[in-house]
Amino acid sequence: MKRWLTPTKPSGLLAIVVLMFGFGFMLVPLYDVFCEITGLNGKTGGPYQAQAETLPVTSERQVTIQFVANRNDNLPWSFAPEQEQMKLAVGERKQTVFSVSNSYDRPVVARVIPSVSPARAADYLNKIECFCFQKQPLQAGEAKEFPLVFFIDPDLPEDITKLTLSYTLFDISDTD
Amino acid sequence: MTENITVPSQMQRRIIPARLSFFRFFKALNYLGYPDWQKQTILIFLVWDWKNKKKRPILRTKSNFYLQRATNDGCTIRCKENAMCRLLHLFSTALVLTPAPLVALEFNMPAGVTDTSQSVFNLHMTIFYICLVIGIIVFGIMFWSIFHHRKSKGAKAAQFHGSVLVEVIWTLIPLLILIAMAIPATTTLTDMYDATESDLDIQVTGHQWKWHYKYIGEDVDFFSILATSREEIENRKQKNPNYLLEVDNALVVPTNKKIRFLFTSNDVIHSWWVPDLAVKKDAIPGFINESWTLINEPGTYRGQCAELCGKHHAFMPIEVKAVPEVEYLAWLDAQKASKLAAAGAVDKDWSKDELMAAGASVYEKNCAVCHQADGSGLPPAFPPLNGSAIVQGDKTGHMQLVINGRQEKGMPAFGAQLSVADIAAVITYERNSWDNQTGDMVSPAEVQSLMDSQ
Amino acid sequence: MSTHTEAGHHGPAKGISRWILTTNHKDIGTMYLVFSLIMLFIGGSMAFVIRAELFQPGLQLVMPEFFNQMTTMHGLIMVFGAVMPAFVGLANWQVPLMIGAPDMALPRLNNLSFWILPFAFSMLLATLLMPGGAPDFGWTFYAPLSTTYAPPSVTFFIFAIHMMGISSILGAINIIVTIFNMRAPGMKMMDLPLFVWTWLITAFLLIAVMPVLAAVVTMMLMDVHFGTSFFNAAGGGDPVLFQHVFWFFAHPEVYIMVLPAFGIVSQIVPTFARKPLFGYHSMVYATASIAILSFIVWAHHMFTVGMPLVGELFFMYSTMLIAVPTGVKVFNWVSTMFRGSMTFETPMLFAIAFIVLFTIGGLSGLMLAIAPADFQYHDTYFVVAHFHYVLVPGAVFGIIAGVYYWLPKWCGKMYDEKLGQWHFWLSFIGVNLTFFPMHFVGLAGMPRRIPDYALQFADFNMLTSLGAFLFGTTQLLFVYILIKTVRKGKPAPQLPWDGAKGLEWTVPTPAPYHTFATPPVFGDK
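These protein sequence lines map, in sequence, to chains H, Y and U. Letter 40 of the first sequence, counting from 1, is numbered 574 in this note's numbering, and no numbers are missing. Letter 227 of the second sequence, counting from 1, is numbered 228 in this note's numbering, and no numbers are missing. Letter 489 of the third sequence, counting from 1, is numbered 509 in this note's numbering, and no numbers are missing.
Calculated directly from the structure, the hints in this document are not laboratory data. Beta carbons are placed, not taken as given, at the ideal position from N, Cα and C, and that holds for glycine. It is possible that some hints are incorrect.
Selected chain Y positions facing chain U (in silico; Cβ < 7 Å) [as the list claims (entries may be wrong)]:
id : residue
1  : 244
2  : 290
3  : 293
Heads up, simulated DSSO-like pairs for lysine-lysine below, C-alpha to C-alpha not over 30 Å straight-line [said to hold, decoys possible]:
id : chain 1 : residue 1 : chain 2 : residue 2
4  : Y       : 152       : U       : 504
5  : H       : 696       : Y       : 152
6  : U       : 208       : H       : 543
Chain H on its own, in the form it takes in the complex:
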């Protein structure tokens, strides 16, 4: 060890301080890794990248999926799933639609944040196409249909029979 790095000298102690300050920031990516491993907070991954032919085969097992749509801060949009819940077989590729319209008197850019409960199911919900991957700008009064294409990984733990996918709409017009 270099002489000045000794933890009994001011220089060495300052190095610890700087290191720990950096560690504070390191906790951010570390937390994401931790979430991904444990499914903490129901964070879902990005687009499912596999080729169509490698999609897992359909099995007999049926699960219920529910869709929940929220608007943060009472954003004056209407935002609702076409179907609040559906039954599907694991591995089965499904499409559903969320209808959305901006009832505000100005254009709004929104981002949709997904979250899954129970959290440990998050890793098994694969989205092939989702409106949550991009920002969503909507003109005043404009209405749209957001498509979602997904399937549930057959490796979903056996005791989970019902999962909920929630989308929350955030207004990000200011930060753009």
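For this one, chain H is given, so just place chains Y and U on it according to the hints.
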């Protein structure tokens, strides 16, 4: 000093007037609401104590004497100068004195009405008693040395300063106690994470400062807002027994059905807590959390928001009404019917007085929190409505503000929260209250057509 | 340092510049202690407002938004302004005296780390006068209430926290360097008095976690002003992340506030039991294990955020484990008293009260560690009762005990023992009357941080308020005792406590401005 050592029988009789029989003693315990196991433990100690009764006159210190008076056991006050005996006495005294009044006065954790809440309660009590015993032993030894090993009593200090054996023992014993505590805790926790399929799913969304409930797949959803009046909060009126724990629309759920709650938030972090169900879960904006309950007994269970969420954190209670399934289904149908009726209210021909009356109650529940009951607001955060240019100005501008809100100022978009009739009513009320005397009225049809045009 | 060695035995400078420019550890220690006493009264007056509002159900005195500002500022001021500076003040006075050093290793840095504090706290207190009011999001400042929904004064709050952090870090560095490099010849690490040991471990905790606090408030600052989204779900961030980083700092912080008190009690109990401390080595190891464990228990503050089962179990077990070294410490204190020859002067009374009441707080902490039960306790007055039991009769009683214990050496005069006993008994009754009923209202379901409550909590809240008023006013007596001692106390002998051991008692009374100019040889006596 001597009179403290032997107590004359005369005095003894005065303090413990009649020797209580076991029977009467336990009747008293029953009356105070002692649980069975506690009574049995006390019984065991008393019998043990009785057996230890010695014939010869016994040295008794003052403290010991009071202690027995407190236990009121009456079966013996002859306790040998024996540390074990004293410790047991102390323990039974503590059992008699401390927890029972807590149970009796309901100043303990509620045992609740679900299997989970029962097991959480049992866990709580078990650990409480373990802590109590540890505390009594440690403090017992400490106070014993404080009384006996004092300089004024001529105590000479020993000079020992360590013993590896003793230190190893008192590292290992707590470890074993902890393991014993961890086992039931782990079982209960695992049960709480049980994922078997629910019969009913309710989405609970925290708003500043109210709760929104949505029955998934049922097309029923509503806000639940504090029903206690401002007069009661501001001490202008007698407070009712459910002060701050009552809402306008309670969450109605069926008994004996597994209910899954999905928690999220609209703004900051809230926490949904009903002690009787042992459910407390944070509602986090952008994320969804879940918890479940299965209520065994019908009844009304009250709770509050448990995470600081801004200025009216104390004023967003929770009221859960658990009813038999038949009743629940009837309620659900009624809700759907009233939703249809509300849609019909738009076409109804409203008079200004009707709108003003309805508007006053909508205003108190939804607007008075920030803009105050007298419309004076809380500037600079919450502007006054009394004398406001928007309120006294053009009707459309006023309607647009109420419907769409103003996010950057924290004004919610009420178009998504209130019915069309309520919006019309509250706007009419604001335009014709306090110093605002526009004289006009806004009909539900006008609000509807504005909302349609957007 | 060179100027001081050549100046040799000159006394303090005259006038105000003595205090502004001083590099003397005793002066700086005194300034820290006086500062923390002032902060205790400012924070205490906020507690007064809180308890007055909660005296009865209904809103009487303050608006809910001001109430939230009071709870927030009360917490911040007591933690960062009263308890931590008091410990640094005691360390400044005692560490050099106890290890036979002439001064702190870095005297000018010492001056700087103190003089940052008045500015930091002026800035924090100034937020009360700003538009939108002071911070109102609780001392734990959870995002997004403290970011997106915060009053504008949050920026000043962040800078104040940064300054306090720098002050603490500099103070900690100074203490570590002093202990490692300036011990009297012949004094090995395992000869260090326990107060020095606990402070050494505390100082390492400080330099490890204060930077993390700095990091978390920096992230907040960036979220508020520079459009980042560390804690904002809208930009892909996560509000729960805030809690993880915050508690990674704040759990060790809790031990920072109590470990030096362990040290003080470990000095006082042997003195008044006239018997060596039982298990010196296990005391040191227990303190170190508590410090290490404190880094892996943080999420027990977050059992309700929705962690996976494995996470809950891990944090439950690791938290329960802390009971073992803490238990060892309590058993050692009790064994030190056992078969001693005890007298009960004011410092000893406060030390015994510390042991009893801290243990009560520790046991309720053990209850809180049990995750399923914590779902019921979390964010209720049960938690408030718990942490006030470890902080008020814990940390604060420890500090008061230390002040009474060393005061005769500092100013050469004896405090009034009769008044000291009054101070103790009134404080003891007040503290229990204030915080014990909180357990009951918490279990019965009263959430914390509310300005108004349901009717069934009324009786106990009134009791709590009365206790708080008693405890608060009693501390005025403490100030009176201190002033009386300094002004017209009876002269103290060189060894005011016949059982006291250690280098600090070998210097004359009052301790001269410069002590140990020639290092003592340890082990002489």
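Hints, verified against the model:
{"no.": "1", "hint": "244", "in the structure": "5 Å, holds"}
{"no.": "2", "hint": "290", "in the structure": "4 Å, holds"}
{"no.": "3", "hint": "293", "in the structure": "13 Å, violated"}
{"no.": "4", "hint": "Y:152 / U:504", "in the structure": "29 Å, holds"}
{"no.": "5", "hint": "H:696 / Y:152", "in the structure": "71 Å, violated"}
{"no.": "6", "hint": "U:208 / H:543", "in the structure": "18 Å, holds"}
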